Each structure stands twice: as structure tokens, then as C-alpha cells.
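Chains as they are written, first to last, in my numbering: chain A, 1 to 280; chain B, 1 to 310.
FYI, nobody ran anything at the bench for these hints, they're computed from the structure.
A portion of the hints provided could be inaccurate.
As the list claims (entries may be wrong) - From the structure, some residues in chain B lie toward chain A, with a derived Cβ separation under 8 Å:
#, residue
1, A62
2, R97
3, A178
Claimed, not checked - In silico contact screen, one side only, chain A against chain B (beta carbon under 8 Å); selected entries:
#, residue
4, E17
5, R114
6, T123
7, A133
8, A134
9, C135
10, F170
As the list claims (entries may be wrong) - Stretch-level coverage of chain A by chain B, calculated; a stretch enters the list once three of its residues show a Cβ under 8 Å from a Cβ in chain B:
#, segment
11, 154-168
12, 217-231
These numbers come from a predicted model, not from an experiment.
Using N, Cα and C, we set each Cβ at its ideal position, and we do this for glycine too.
One-letter residues, chain by chain:
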Amino acid sequence: MSDAMKELRPEERADLEARAQEIRILTIDAIGYLGVGHIGGALSVVEVLTVLYERHLRHDPARPRWTDRDRLVLSKGHAGPALYSTLASRGFFPREWLHTLNRGGTRLPSHCDRNLTPGIDMTTGSLGQGLSAACGIALATRLDGIDCRVYAIIGDGESDEGQIWEAAMFASKHRLDRLIAFTDKNKLQLDGPTEEVMDLGRLEDKWSAFGWNTARVDGHDVAAIDRAIRDARTRGGPAMIILDTIKGKGAAFCEGAVNNHNLAFDYATATEAIAQLRRA
Amino acid sequence: MATKEMRTVYAETLVELAAADPRIVVLEADLMRATGTGPFKAAYPDRCFNAGVAEADMVGVAAGLSAEGKVPFAASFGCFASRRVFDQFFISCAYARLAVKLVGTEPGITAAYNGGTHMPFEDLGLMRMVPGLDIVEPSDPVSLAALVRALASRPGCAYLRLHRRAVEPRYREGETFAVGSAKLLREGRHLAIVALGAFMVGEALKAADLLAAAGIEASVIDALSLKPLDARLILAEARRTGAVLTAENHQIAGGLGSAVAELIAENGGAKLARVGVRDEFGEVGTEAYLAERFRLRAEDLAEAARALVA
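Just chain A, same shape as in the assembly:
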């Protein structure tokens, strides 16, 4: 059994938490440096990205298109800055790139682009489409006999899109047992709380009813996320891990705020939030 399949030791857990903290800081810094961005939904996926890249997602920063790598589709493409921070911290590209976010000619656009950024496997940004693409990637890698897993991250607001449920049926019907997906259930969408804008009801039951192995964990608890991924890897998929998260987690000026989907804030605010994180 590889180390990644064992329960986290306390020092490993502490290390993951420290790395998540660093990715969160890079994300706040990148968006703050620009002055505006999708801060809320980026910060809610920091822990899952950390656990994936530090423990489970097979990758090589020197070979972003390595055939045997695991794939990741960030279907909620607006969380790009969190993934860019993760990729930079793993060495896919220099950290300095993070300050080019959304500037003309950048390789880090607001929404993920497979042609611009090393380590990005699929272009996303039009919500609802990435899970279907993840299904296609899972089919293709299975056809080619590549021993890899395909991970996908969707949003709870994104789950309003009908195509998500088309893909849910497809993955189940085509027995995509190497597909492991996450729903970032941060409970807020652009216009307000999800249960007011479009109530998703019993989300776990929905995914179970579509034939997926389903789990629900605290999306900011690295040990819980790690355990859920290990369990999904063992049981096979398709698997949906619902992450209970807080939109804007860790940025004191906007954590849990209804308006934090796409927020303007100055660099001083970002710097103060980062200082608070470091003090905590």
C-alpha cells in the first residue's frame, strides 16, 4: 500500500494544513494584487486541491502532459486562481506568474485554459460542461489502457446546470470507475444562498440515485478529504465527494459573505487578510 492510501499521521496532517494555508495566501495575494476576482469560490476549494496535489493526484510538474498522470478538470473554472496557486506551489510554473492574473497576454486567465497554463487539463468557464469533458477523458484513457484517475471539481451553484445531471447519468451508465468528482458545496451562488436561488435539495441522495458512490465531508478538513478520496479510490467510481465548505474561507474581509462571488478589494485589504492568516 502506498503512503497515500494510509491514514494521515499527525505531522502529515499538519504539513497539509500548512500547505493549504500557503495556497490560500497565494490565492488572496494574486487576486488582491489585481484588485478584483472570484475570491469566494477559489478559497472554498483550497483544501481539496491541496490534498489532491500533495497526496493523490499523480503528476510531474516538469511534464504537465505526461501520459500516465492523473487528470483534473476544474469544471467551476472561475476558481482558476486557487488552482494556479496550487500549480505554482508544486512548481509547474514560477510563482511570479500569479501576479499576471488576468492581465493582457497572461498565461493565467480568470477561467482555466488548457492551452495557456501548464498543468491545466481542460478549458472550462462555461458552467456545467467540465464534468462531461471529464467523462470523455475517462473514456479515452480507459480506451488507451492508461492507468490513471480522472478528478473533477464542480460547484453547487454549477449543479443547477442540466448538463451536470446528463454527465451524472453518462458516467454511471458507462461505468467510469476511475472518475472521482467533488462538489464544492459552499452554499452560496452569485445571486445569494443556493437554497434561495435554486435549492439543490438532498444532494447526496441525488448523486446516489444516479448510481454514484457518494460521501459528504468537511471540505476544509484535510484529513476528512484525504479519507474520502482514499475510500473512493478503494471502492471505485464514479464517486462524488460532497465538500461542505465556506465560500471565501480564510479571507476575513469576505468569508461567508453573500457578495463574495466576484469581489473587488484592494491590495492593502489582501495584505491585512494574509497577515491575519499568518497570525492565526
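We have chain A; now place chain B onto it with these hints.
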């Protein structure tokens, strides 16, 4: 090649291609019986995927397959392959610089008894707005087989407008075709008819006969490729004859008529008239009824040609 159902040629060509090219995969959204890709499924069951009645997912899955280097041919009725999945095709496939070949069947009035809900008069217009897209509408079994092969070997996304039913071959076996190249089927000195698709090319050739009987000699160009458009051949015929008539089983806005009008407006050299659907929705009926109803018959082309050169 004998007279054959176009869909049969489509499926046979994909089966042949797949034998030599492991990248070829086929996707359907519960219209496999209509598209006729059953033989592909029989030959390559593990490379043929049915998404059910979920065209958006089919196109998204095709994008994922393409991201891993596959060359997916994904088909639905033209109305759904264009209107219904436009954003999935635009973003997940074309904007992502992938190589998904989207196939829209039953073009224009050939949707016949399926009626107005299923009658794409706007698919070409929508697709022309997708940057860098290849758009082809083969006119017979020979051009279809050749252009499917051409699309499979080209990088990038494509929209193939596929007439499903039987069409007599217009070209000899072995004739060569390329995306972006039209064919001059008949040469005349008074005007050039530029036609697109199996139905309209047939009507254009009949119209040329009708016009010849009245002393008007018409060139007939089988456009084959709407994007890239064969500007060289069309402009050469425009300049030589001084008059161009476009003929399409589609709205005159957005499709062939627009493309040729833009070409001539920017380059000069000819009078222009367009035959096609004039800002109307489709409706139900036989193909013959609809051709008359929307004024797409050889007689309508001949009448427009006579007015143009008068």
C-alpha cells in the same frame, strides 16, 4: 460509386478510417439509427458511445475524448447539433482548440415530416461565427467520403452538414477534394450559380439546363466548403461572368449567400442575387412541397437567374 444513402457512406467511411486510425471514435445521442452508424458500433463497439438524448453531454464528452487525442465524430439532427449545443461546441471544443467533428444531419427542408422544430435553416449561420471552424456540406457520396477523410486528418473542429438520404454520385471515384475547395461542375458565360449541399447542387444543375434552353449559359459551382470558402474559384467565376447567384437550403442570412455577398462586396466584380429561405421558420411537409413553399426549386433558381442577368 453507385447511388447510395449518404448516411451509409458516412458510416462506411468512418469504419474504414477507424481500421487505420485508432483516434477515430463515434458519439451519438440516441439517433444512431437515424445517422446510420450501427455498422461502426458493430465493428468498434468500444469506440462508439451513446449519450442518450443528451446532446450537450455528448459534445462535452467528445471534447474530453479530443483532449486525450481522439478524433470524435459526434452526430445529431442539424437543429440540435447547432442550436442546442452551440455553447458546448463553442467553448468546450472550439475555444479549447480541440478537434471535435460535429455532424448535423437532415439539413433544411430535408427534415420534411419532422417539421419546423427539426428544420435547420440557421445552423450554417451559427457555425460560421465560430472562429477557425471548418464547415463542409458534401453534395454526393464521393465528396462525402473524401471530405470525412479530410476532416479526420485536419486539426481543429469541424461542422459537417450531412444529407442523410440516397444521392446519385456526381463525381468519379478517385476525384480529389479538399476542405476549402469548390468544384466547377459546369461552365457558362452569363452567370455563375454557387450552390451548397446535395439538394441545392442538384437543383442548380437542373436550373442550368432550364436556362440553357432559354439561351442563358450558367456556370455551376458546387461550393462543398462554406468555411473556408473557395474565394479564388468563386471570384474568378464572378469576374468572368459578371453575375453570381447563390443557392442554399438555409436562410440567406448567415450562410452561403452571406459569405458570397461579403466576398463580392469586398472584392467587387459582379452583380449578386441569393436564393434561400427568407427570414422564415421551417414547417412540415414533403421535401417537394417545402422546396416549392420556400422557393428553392430549379424553377425558382432559373427565375432569379433570368432577373439577375436581364
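### Query
Should the interface hint for R114 (chain A) be scored as holding, given a Cβ-Cβ cut-off of 8 Å against chain B?
Holds: closest Cβ of chain B sits about 6 Å from R114 (chain A), inside 8 Å.
### Query
Taking 8 Å as the limit, does the beta-carbon of C135 (chain A) come near enough to a beta-carbon in chain B?
holds, 5 Å
### Residue hint A133 (chain A), partner chain B, criterion CB-CB below 8 Å
holds, 4 Å
### Task
Apply the coverage criterion to the segment 154-168 of chain A and chain B: a residue qualifies when its Cβ sits closer than 8 Å to a Cβ of the chain, and three qualifying residues are needed.
holds (count 4)
### Task
With chain B as the partner, please determine if F170 (chain A) meets the hint condition of a C-beta pair closer than 8 Å.
holds, 5 Å
### Query
Are A178 (chain B) and chain A close enough, Cβ to Cβ, to be under 8 Å, as the hint says?
violated, 26 Å
### Query
Per the CB criterion, is R97 (chain B) less than 8 Å away from chain A?
This hint holds: R97 (chain B) lies near chain A, its Cβ roughly 5 Å from the closest one there, short of 8 Å.
### Query
For the hint on A62 (chain B), does the least C-beta distance to chain A fall short of 8 Å?
holds, 6 Å
### Query
Does the interface hint hold: is T123 (chain A) within less than 8 Å of chain B, judged Cβ to Cβ?
Status holds, d = 4 Å.
### Query
Would the stated hint for A134 (chain A) survive a check requiring a Cβ distance to chain B of less than 8 Å?
holds, 6 Å
### Message
Just to be careful: measuring from the Cβ of E17 (chain A) to every Cβ in chain B, is the smallest value less than 8 Å?
### Response
Violated, about 33 Å.
#### Entry: 8 Å C-beta test of the segment 217-231 of chain A against chain B, three or more residues
Per the Cβ count (0), the hint is violated.
Hint violations for this structure: numbers 3, 4, 12, all remaining hints satisfied.
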